[in-house]
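Number of protein chains: 4
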Amino acid sequence: MPASAPFTGVIPILATPFHDDESPDHASLDRLIRFFGELGVDGFTVLGVLGESNRLTDAERTALIKTAVAAAGGRPVIVGTSHTGTAATIALTREAAQLGAAAVMVAPSKQPVPNDAVVFEYYRRVIEASPVPVVVQDHPLSTEVHMPAPLLLRLANEFPRVACIKAEATPSPNKIAALKAGLVRKEVSVLTGLGALYGFFDLERGSDGFNTGFAFPEVLQAMVARMRAGDAEGARRVFTRYLPLMVFEQQPGVAIRKEILRRRGLLASNRVRHPAGSIDAATAEQLHRLLEATFPGQDLTRPVRIEA
Amino acid sequence: MPASAPFTGVIPILATPFHDDESPDHASLDRLIRFFGELGVDGFTVLGVLGESNRLTDAERTALIKTAVAAAGGRPVIVGTSHTGTAATIALTREAAQLGAAAVMVAPSKQPVPNDAVVFEYYRRVIEASPVPVVVQDHPLSTEVHMPAPLLLRLANEFPRVACIKAEATPSPNKIAALKAGLVRKEVSVLTGLGALYGFFDLERGSDGFNTGFAFPEVLQAMVARMRAGDAEGARRVFTRYLPLMVFEQQPGVAIRKEILRRRGLLASNRVRHPAGSIDAATAEQLHRLLEATFPGQDLTRPVRIEA
Amino acid sequence: MPASAPFTGVIPILATPFHDDESPDHASLDRLIRFFGELGVDGFTVLGVLGESNRLTDAERTALIKTAVAAAGGRPVIVGTSHTGTAATIALTREAAQLGAAAVMVAPSKQPVPNDAVVFEYYRRVIEASPVPVVVQDHPLSTEVHMPAPLLLRLANEFPRVACIKAEATPSPNKIAALKAGLVRKEVSVLTGLGALYGFFDLERGSDGFNTGFAFPEVLQAMVARMRAGDAEGARRVFTRYLPLMVFEQQPGVAIRKEILRRRGLLASNRVRHPAGSIDAATAEQLHRLLEATFPGQDLTRPVRIEA
Amino acid sequence: MPASAPFTGVIPILATPFHDDESPDHASLDRLIRFFGELGVDGFTVLGVLGESNRLTDAERTALIKTAVAAAGGRPVIVGTSHTGTAATIALTREAAQLGAAAVMVAPSKQPVPNDAVVFEYYRRVIEASPVPVVVQDHPLSTEVHMPAPLLLRLANEFPRVACIKAEATPSPNKIAALKAGLVRKEVSVLTGLGALYGFFDLERGSDGFNTGFAFPEVLQAMVARMRAGDAEGARRVFTRYLPLMVFEQQPGVAIRKEILRRRGLLASNRVRHPAGSIDAATAEQLHRLLEATFPGQDLTRPVRIEA
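Protein chains in written order, with the working numbering: chain A, 5 to 312; chain B, 5 to 312; chain C, 5 to 312; chain D, 5 to 312.
What the hints contain is simulated information worked out from the structure, not anything from laboratory work.
These figures come from a predicted structure and were not determined experimentally.
Zero decoy hints are in this set.
Straight-line Cα separation of at most 27 Å, DSS-like style, residue types lysine-lysine; simulated pairs:
id: 1; chain 1: D; residue 1: LYS114; chain 2: C; residue 2: LYS114
id: 2; chain 1: D; residue 1: LYS114; chain 2: D; residue 2: LYS184
id: 3; chain 1: B; residue 1: LYS184; chain 2: B; residue 2: LYS114
id: 4; chain 1: C; residue 1: LYS114; chain 2: B; residue 2: LYS114
id: 5; chain 1: B; residue 1: LYS114; chain 2: D; residue 2: LYS114
id: 6; chain 1: D; residue 1: LYS114; chain 2: A; residue 2: LYS114
id: 7; chain 1: C; residue 1: LYS114; chain 2: C; residue 2: LYS184
id: 8; chain 1: B; residue 1: LYS114; chain 2: A; residue 2: LYS114
id: 9; chain 1: A; residue 1: LYS184; chain 2: A; residue 2: LYS114
id: 10; chain 1: A; residue 1: LYS114; chain 2: C; residue 2: LYS114
Some, not all, of what chain D presents toward chain C, calculated at C-beta under 7 Å:
id: 11; residue: GLU26
id: 12; residue: ASN58
id: 13; residue: THR61
id: 14; residue: THR90
id: 15; residue: ALA91
id: 16; residue: ALA92
We put the CB at the ideal spot given by N, CA and C, even for glycine.
Chain A with its partners taken away, still in its complex shape (with noise of 0.2 Å):
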């Protein structure tokens, strides 16, 4: 896991704060990045599944682009430009490497009859429009798309704007061995998603770092240096102590995970766009008490401390 190459480490994907009326709240999103940033985290994404990007219109998604990059101090963006037509997909990848991304991030969509050759030739025809690198995403629990291994390595082998595969089909320990035994380009980085919940596991099978949601990056910080350190069983421990936060995180949704950006003072308001929900009460005060339990003592708002 070479510490050198561009999209490797922890690369946090963002949520996209609202405020209370559900309208996007800028300030929020621009605290969010630079509290990440003055971590050390590697690059971020936006508007993602957690960004909520499938509950906006374009022009907010370009207003909060030029926020995001704004923010970033020169840390690379990457930029989530899935779309269900192909064409604007690559509009999309087009206005956001204008606007600044460092790379841009693409999940496939269902078709009526599942087609490799179509997946393939739907990122052929993205990857030569892109003037900027590309994450290919697999995610099948939001896409219901299915890659098999040899369709992601024929796109990281065969386009060297390929710079990473966001690995996210279960089992991922598995496919991330597959794909890092498999990858020609060496360059090309395979990253963990799923919230860390396989973080460990991933990591051991080969995973060059994160790129997730989970809300104290610091953790998964952690975990990459004490891996690239040859401490696997120091990996291990971390994995181990914060799993549990972990897990109570990837619930469905990402109400969890926006109330725990809020108590860490970067959203002003936990607010999940309709039709998704918000967190309800009870579930706030068990998250509370997983907060307390994890971090005894911490103030969440500064970076935490990381125990193991």
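Once you have looked at the hints, place chains B, C and D on chain A.
Chains B, C and D in isolation, oriented as in the chain A frame:
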């Protein structure tokens, strides 16, 4: 079936024409609308499933709405404004109204856990924010959302802005009968979709007409006229005569319809946007034979004579 | 379309008759088979989707196979033996063969991650263990498994025990043409299902006949006879004449078909096993009108005259 | 959480052991049950999802139930009897009761159109026909049926034969709390499944224990004991300590669990029936490291010491 009600009769769902390079072809859209207008249709719906709305950027949508409203010459234009986010549906709805839409057509989106209350709230927000009447689209084949008749009736009966239900859940004859029986606001129309596959059976059970993409509105007009005249068996004969074409045309995708519209001289190209595909040569040849058998000796670029 | 091939022509898929208390009605199954046999059908398929095979215990299956084989009077009986487990499919297949089945019909089951290699291995194991020919059923609507034409062709071309492909993936005309073109073992037949909805279009593209549940095999026989005689336009006329009934009958579920079979004097009850439902009164009334219009003045308990 | 209630505490879901040739391995099932019995578990569930019930013939089921009841030595055996047909579910339920099952576990099956009334009627018929108590399984991940809490509560409150709800719909903590709050018949237990992934969080919100396949019931017993003793933070520590193993084990499929049971000396083979697959070598090696880290120096063929 009162002929004078606002959303009854035959309201074609329009394809979105593209050039061979997949860019929107406004001249063809204009031609299509003017030709159907001269047939005397009761309105037009743009940006539905047949309109490939899920493959368009917001900017393309805006331009297409403008062209449609201008070409419609006063006939009502219904604009599909469904979006996976409620706030975005509202934004698209307001823009459509501002651009001259007579109504908007709205379908719900799939949630992780199906929930009628969430669907109701989605519609409530959109309906209350809409400056124009709303057509509720019930098309589980594309949405994967099943709306039971009581939910649809609650929407139609509680909200005066609901003008029409586009009933496309199979078995449609039964559902249409249940809707017609339960409507308190009798001015709400119930229209048949699904490419008119069950067209006569739906009319028999109370459908107020068609809101579908069958490429020969003349056939649907003939069926509606006979039903209104009390000649159900005449309507059945028309249905029988043209049913093979309806069956062939409603095969999955919009490729066959676009090819028919091209043969009618309305679309310059039969191009379907990627990742969907355009018609293949063998299917086009089979369609050609079917059109010859259905309209022997007729010029399809002119309004066709209906025989039954 | 050679008339002499083993699995060509018209092979009805049979409903499983139940008494009003939902217990299997063997007398009605016997009557159904004898009546269809007198029509001259080319075989029978029992325990398919229409046969409600997924609502039967193994013991009920055994008894129904015995009744079917005894009633068939030497005509081939194909038995559906699909099961979610491969070993269980093999067990059911061996039992069916032992009980006198001429062939078995086998469909794959949905896996967590679609995988053509797993589907191939499933078929390989079943085919190699089967004492009788195998009909490969391609019906993604019920299985949620999409088998591309190359996979089906590999099965048909590699395994001599594959006798037939029941082609029910839409668009079926195209897929049937692809299969016919790719078959090396020309003795493998390709049959049309889907309630004959695309019946003529499938014949046009090379289908060898019908393996479907349409309740008037006479109609399908008339289409096949005309095609074999080189009279495609005659087949098209038959198709057109009876298509409304095919469309009405293939609405979701098997309730309408069972009611037609009851009206034909073949089933004592139209009962469908729970959790599916039997026909409702309004649909039965609508069906009655349709049958009157389709077969004016004819006695449906006798073989019907085909007019076109 | 009363310790004396009939279906509370820790009731493992058992794998169905197979020989390497995929035939049922009764000796291993016997050994598995006796070992877990000596741990003091509160019962056993056989023929659930983990038991690969959907890959068994009815005859195999019968034999396995006999072995389980004989080995259980008086401890209650719950038998999964779900079937896609209601009458068949009843037949399997009656047989299980006759063979000595203490209860049956029943899940609904997916219908073409979701309908709570049909699910209720399915359960009503099964419950009224069942000679033994019924466990209602709410596991949408496998059934694709979403049962809202009010439906589950209606079943539990109206039918005295409902003894337990196996709550496996995510987010499970919230649903369990809603069920516990709404139960009028307080003797109905609510148990945690999902491989105990949310185990502590479910206990916190009112779960009465575990009905899941985690291969170390000792861990679950320790959590339940601490909760019953009022030591929630102790239960949390146990959960945290063993959560990596729970997470790893609940990856899709049952292969990992069978391998653990094999390493514990309980299963002669880790074979999973086709079309599912057995564990691969790399995953087995990763599991080996995880077990070493989780139970350092312990003999897994003996009851393990729980440390936290």
